[in-house]
Each structure stands twice: as C-alpha cells, then as structure tokens.
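Q: For reference, the chains in residue letters:
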Amino acid sequence: MRNRLAVVVGRAVRVLARMRGGGSAIPGGIALRISPGFLEHAIGELPHGVIFVTGSNGKSTTTNMLVSVLRSHGLSVFSNPSGGNLPQGIASALLAVVPLDGRVRDDIAVIEVDEAYGVGLSQRIPPTDVLLLNLQVDQLNRFHEPDRVRQMLARIADAASRRVIVNAADPNTAALGRAGRPERELVTFDVAAEVLAESAHGVAAAPSASVAHADEGRALPDPSVLVVRSEGARVELEVNGVRASAALPARGLHYAVDAAAAVAAARSVLGERFDLSTAIGALGSLGAVYGRGEVISARGQQVEIVMMKNPPSLQLNLDALDRTPSRLLLAVDEGTPDPSWIYDTDLSRIDHVDIVSGTKAWQWATRLAYAGIPVGRVIEDFPHAVDAFLALPAPDGDEPKTALVNYELMMQLRLAMGYLDLEGGA
Amino acid sequence: MTTVRIVHLYPRELGINGDRGNVLALHQRLEWRGVAAEVLEVGPGEALPNDADIVVIGSGPQSALDAVNVDARRHAQALRDHLGAGGALLAVGAGMHVLAREHSDRDGAMREGVDVLPVTVAAASRRRVGEVLGLPDTAVGGEVATRFAGFVNHGVTLDVLDDATPLTQLDRGFGNDREAREGAPAAEGVRVGLAVGTHLHGPVLPMNPSLADELLSAALLRHGSSLPPADERIRHADDMARRSRAAIAARLGRSGVSV
Ligand SMILES: [Zn+2]
Chain V
786 MRNRLAVVVG
796 RAVRVLARMR
806 GGGSAIPGGI
816 ALRISPGFLE
826 HAIGELPHGV
836 IFVTGSNGKS
846 TTTNMLVSVL
856 RSHGLSVFSN
866 PSGGNLPQGI
876 ASALLAVVPL
886 DGRVRDDIAV
896 IEVDEAYGVG
906 LSQRIPPTDV
916 LLLNLQVDQL
926 NRFHEPDRVR
936 QMLARIADAA
946 SRRVIVNAAD
956 PNTAALGRAG
966 RPERELVTFD
976 VAAEVLAESA
986 HGVAAAPSAS
996 VAHADEGRAL
1006 PDPSVLVVRS
1016 EGARVELEVN
1026 GVRASAALPA
1036 RGLHYAVDAA
1046 AAVAAARSVL
1056 GERFDLSTAI
1066 GALGSLGAVY
1076 GRGEVISARG
1086 QQVEIVMMKN
1096 PPSLQLNLDA
1106 LDRTPSRLLL
1116 AVDEGTPDPS
1126 WIYDTDLSRI
1136 DHVDIVSGTK
1146 AWQWATRLAY
1156 AGIPVGRVIE
1166 DFPHAVDAFL
1176 ALPAPDGDEP
1186 KTALVNYELM
1196 MQLRLAMGYL
1206 DLEGGA
Chain S
303 MTTVRIVHLY
313 PRELGINGDR
323 GNVLALHQRL
333 EWRGVAAEVL
343 EVGPGEALPN
353 DADIVVIGSG
363 PQSALDAVNV
373 DARRHAQALR
383 DHLGAGGALL
393 AVGAGMHVLA
403 REHSDRDGAM
413 REGVDVLPVT
423 VAAASRRRVG
433 EVLGLPDTAV
443 GGEVATRFAG
453 FVNHGVTLDV
463 LDDATPLTQL
473 DRGFGNDREA
483 REGAPAAEGV
493 RVGLAVGTHL
503 HGPVLPMNPS
513 LADELLSAAL
523 LRHGSSLPPA
533 DERIRHADDM
543 ARRSRAAIAA
553 RLGRSGVSV
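In the order they appear, the protein sequences are chains V and S.
One gets this note's numbering by counting positions in the first sequence from 1 and adding 785 to each.
One gets this note's numbering by counting positions in the second sequence from 1 and adding 302 to each.
Misleading hints may appear alongside valid ones.
[Claimed, not checked] Label-pair restraints from in silico Cβ distances:
# : chain 1 : residue 1 : chain 2 : residue 2 : range
1 : V       : E830      : S       : A486      : 52 to 60 angstroms
2 : V       : E1016     : S       : A411      : 45 to 53 angstroms
3 : S       : A425      : V       : E983      : 37 to 45 angstroms
4 : V       : L1200     : S       : H538      : 29 to 37 angstroms
5 : V       : N1025     : S       : A411      : 50 to 58 angstroms
6 : S       : A425      : V       : L981      : 34 to 42 angstroms
7 : S       : A425      : V       : G1017     : 45 to 53 angstroms
Honestly, the hints are just simulated from the structure, not real lab data.
Cβ coordinates follow ideal geometry from the N, Cα and C atoms, glycine included.
Full structure from sequences and hints, please.
A: Here it is, written out as structure tokens:
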C-alpha cells in the first residue's frame, strides 16, 4: 500500500517538477519518504538480479555500456540515468518506469552506485553482483583519503550475494577481489602488460600502503576479458582466446578498461547466451556519455568536452588527447573545492590555454605559470568566458575547440550551448 | 657556482595533494633567477643526504603516515643537524604530523613522532575542511600585511609547544585548535626558525610565494649568496597567486583585505 502511494505521489511530483523545468531527485526523495522500502520492493526480486557498478571513475560510462550489451542480448534492463547514483536519483528513475504496484518488470537491474552512498544502499537492496572498476585519488575534500573509499568499496562488494567482478589492472580492486569471501564467485578483467607499459600513466590507481600486501588472500582467476590493444577510441578485447575490436564512445585507455568491465560483467550474467560479436556491436553503437569526450555543436561551433572530475580523470583524458588542442578553454569552479592536485598532473599535452575561467581560475593560472604554459585571458565569470571562447576563430580543419572543465561547469557549458537535457534528470 | 639542494622526502607516500607543487615552486623560482638547483627524492629506506639546503615533506592519508612513521625516525638526528646548520624545512599536513613530538595513530592513541617540530597532533572529533586566510604570525601588528591563503583538509588539533610560534594567525577558517571568528583569530601551523609546518594546501608555496622566497633566501645564505631579484616570469606567477588569494579572501567574506 505504501509503495502504491509512493508511486502515485512521486509521479505527481515528477510531473510538476518537469513542468517547472527541474529534474531531478526530488520526486524519488519523496517516494522514499512515503515508503522507505520503495527501492527493494521495486527491484529486489528480478530474475537476473541486481548489478551494482562502482569505483572512482567510469561508473556512468561502464553502466551505459553494460546496459547496452545486455539489451543487445535481448534482456530488458532497468538502470539509473548517468549521474543519478544516489538513492533519491535511483528512486526517481524507478518512478518513470514502474507500474502502480511499484515493481519493475525487467529481467535485471544495472545500478551505478556512488562509493559512499553505496554502502547504505547495498544494505537496502542487496546486489547479486558488484562490479568494482578502480580506486583512484578522488574528491579528497569529501572522502579525505583513498583508504576510506577502499573500506566503502569493500563493504559494497561484501554485500554481493552471487559474484564480485574486479579490475585486476588496479592493485586496489585486485586486492579487494582477493580479500573477498571464497564462496562467492570472483571474476576479473585486466589490461595486457604491453598495453599498460605503453600508456603514459597506466590506470592511475591510487597509491596505498595497504596494497603492499596485495598478494594475500585467494588467487585471482584468469581474466574473463583482457584489453590487448587500446588506440584512440578503439579497443581490442580478448575473450576466451578470441579477439575482437570495438569502437569506444571516447578516446583513452580508461574507456577501453570500462568496455572490458562491461563485457566481463555481461558475460558472467549471460553465461552461455553471451556472444562476443553482439557485445562488440552494442559497444560500437554507443554515443559519448555526457561530457566524457563528447563533441557538442551550437552557434556554428564544435566543442569537445573533456571532463576533469578528479586527478586521474584529468590525467587520463589529457593522455588520450589525439592532438595538442589549438583552442582551449580551461575552467574550474567550487565543485572542485581544493584544486591543489593540479600540481600532480603532467600538463605536457597542452602548449597554451586560450581562456582560463571559473572561481578557481587564478589558481589554475598560477599552476600554468609554473608549467611555463602561456594563458591568453583569465575570465572568472564562466558565461562571459564561454562567449569569448565561442568568439575565437575556429581551429583549422576538422578539429573542434576543446573545453577542459570540471563536472559542474561541464553542465553549465552544455546549457550555454543550448543542450537543455540534464544528466540524472529522470 | 652555487647549487641549491632540495630534498623531497617520501614523495610517493606523502604527496597526495599537489605537494610536488611546493618543490616545483622552489625549483622554478631558482631556475627563473638563474640559480642552479637540484631536487633529490628520498623514499623509505633511503638515506637523507647531508648537504640538503631545503627539506620538503608533504601531505598524505593516515595509512601513508602509518607506513612511513617508523622509517622517518631514522632521520631524526639528520633533520636536527640540518636545521642546526641553517637548513630550511617545510612540512605540510601528514608530513608535519610525522615530524611532530607526538601524534595520534588511526585509533586515536598518541605515539612518538620524529620530534623535529615542537608540536603534538591529536585526533579531532570532526574533520576540518575548507579555505583559510590569515596574516603571517610575524606580521601581526606590523606594517607588512600580505595574507597567506590556502585550503585545509585534516582531522586533527595541533598544540604548539615550547617557544615555537604559529605560522599564521587566521582571520577565517580552521586553525590548529579551532575555527577563526570575527575578532578572534585562530593560530595555524608552526614555525621554529627555518622549520615551517602547516596544513595549508594550495599548494602553500606557489600560493604564498613570500614564504617560498624566505626559504630560498635562507638556503642561499648558507652558500654565502643572496636571492637575485624576481624577473618578469616570477612577477607574473606571483600576480596570479595574489589574485588566487584575493579570490579566496572574497569567498571568505574578506573582499578587499590586503593579500
Ligand atoms: Zn594534519
């Protein structure tokens, strides 16, 4: 009864919120207040279970890939929209699809889970499978240190009733896999040593004192999926001795690893039904995820958005640039409260910045001064900076302009360029 | 010819929050002035050279502090000798905790530190995270009023012992033992001669170049020379840093104060 009420009221709030142009997590929050058990009621008993996708980077991309691969095999999948990875966001997404009884009819749920909220969430909806992508230095102002996140990931993984799928190329997640309970199935995906050796900064795993003991615990199984080649926006995967190449939504080894993660998870869920060429086709059909290597066009301009969510995402995205950007906007605001880590980033892939913007603009300009990288203008106010950036002459040939921005300004930039859909707005 | 030797202690373990930026600032400011400089990284198990001019140790998580704490005690005498011979030291965050007289472990129990900085560091009941702004302690009441600015992110309280002084008197943000309020500044960090400890990220030296130049002047003095004047590149970097501090001051409701 409470669930029915939660659906009706939540839906009504959702309609109102959408009429006012808002998105968001509010309807889901209200549904959860009416029925605290709304989530487990909705997806607790799906025939193929519930997969949680978590880690420092690549959650949205991997979730998107995994959903696509599963759907291409004929499964119907419930998932939360990219970025809506808090309980309220998941509940909002459910409100969009559930019938009045509040129960999802899909075969399986794939849920992108925030590291911190995932701990509580994994108690409310015990996942059947947990996919651990990586542990990198991320949001120190919020998480304080990687070790706390390690503990969060360990607790989320511990909630899996059936299977844990880990990235063997990240010593942190590899150790979490080894430390898990032996009765649970352990699946890995990995990156070939040659591929790692070729990349400028590897997989940018968080350093940790406790990883010194990484070879303790159970042995890791051979990888279910191996990245054997990563070049630009293409990846070659090896599955069961067979190699196949897939197009990625954006450039870089981190996207190649996300693809391996998604294929490994899909393979373990689908079992005999898994087909590599179907999976490859599904990966190739994906567009760029929101602001991750996405090229948007408006006002006659093409702008590629490169997001710097945290140190590893900035480094890996810089490493993956296929050219030195000739028109570059760099902007960070209070969504990145302490940008100290920009001094740990190797900036050798850029040779100048046209416009630096956002409330942290002067801190970036200081960093660039020490790197000897010239700056055209500093325009703190972001909307003015976007106008000035779009007014610059376009690069030669087919090169888009490049915007290196944090998450919050990525959203603002999309809005400024007329892209009105909001990430996470179910 | 003079070569200034900068030692970066535990760069891998204690270097999670832009700590390389402090070493970069020292190195680059010398290079821009035409002074030769060398950076030597010293990890666990390795020896501290006896000809260092400036030792830098950075910030890191509790797990890293636990990992280097015992190793660091090997350097206690070498670090005291270094300071006794006019060498300079910058210790940020967990690096300051390691060098303290005592600091708390993961469970809050106090344990012995390297005891190079006369402070004790105890676990606080809550985390202290945010931007800070304050006058150098040496400038309080004086004519020079260029403020330090930065970002703190830690979970400790700090007691400054003996005749050491704080580095800064904050007018905004979290200090050693409390948060600064209007009319009630809070002490931040510690300074004993040329040894400086602080929780300021930014990192602290590029953000507050006067402190960088103070350490560099001390280093050059040991070689019987003085710091050459700033060139255009240094003035530009320092202008960007001053505007960074002004932006922090504005966010903290202190628009227009001297930075
Ligand atoms: Zn501290």
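Q: Each of the hints needs a verdict: does it hold here or not?
A: Hint by hint, here is what the structure shows:
Between E830 (chain V) and A486 (chain S) the beta carbons are some 58 angstroms apart, a value that agrees with the proposed interval 52 to 60 angstroms. The hinted window of 45 to 53 angstroms between E1016 (chain V) and A411 (chain S) holds, with their beta carbons roughly 52 angstroms apart. Here the CB-CB span from A425 (chain S) to E983 (chain V) is close to 44 angstroms, well matched to the stated 37 to 45 angstroms. At roughly 33 angstroms, the beta carbons of L1200 (chain V) and H538 (chain S) sit within the given window of 29 to 37 angstroms.
Checked against the given bound of 50 to 58 angstroms, the beta carbons of N1025 (chain V) and A411 (chain S), roughly 52 angstroms apart, stay inside it. In this structure, A425 (chain S) and L981 (chain V) meet the distance hint of 34 to 42 angstroms, their C-beta atoms being roughly 38 angstroms apart. A C-beta distance of roughly 48 angstroms is found between A425 (chain S) and G1017 (chain V), which places it inside the suggested range of 45 to 53 angstroms.
Hint compliance for this structure: every hint is met.
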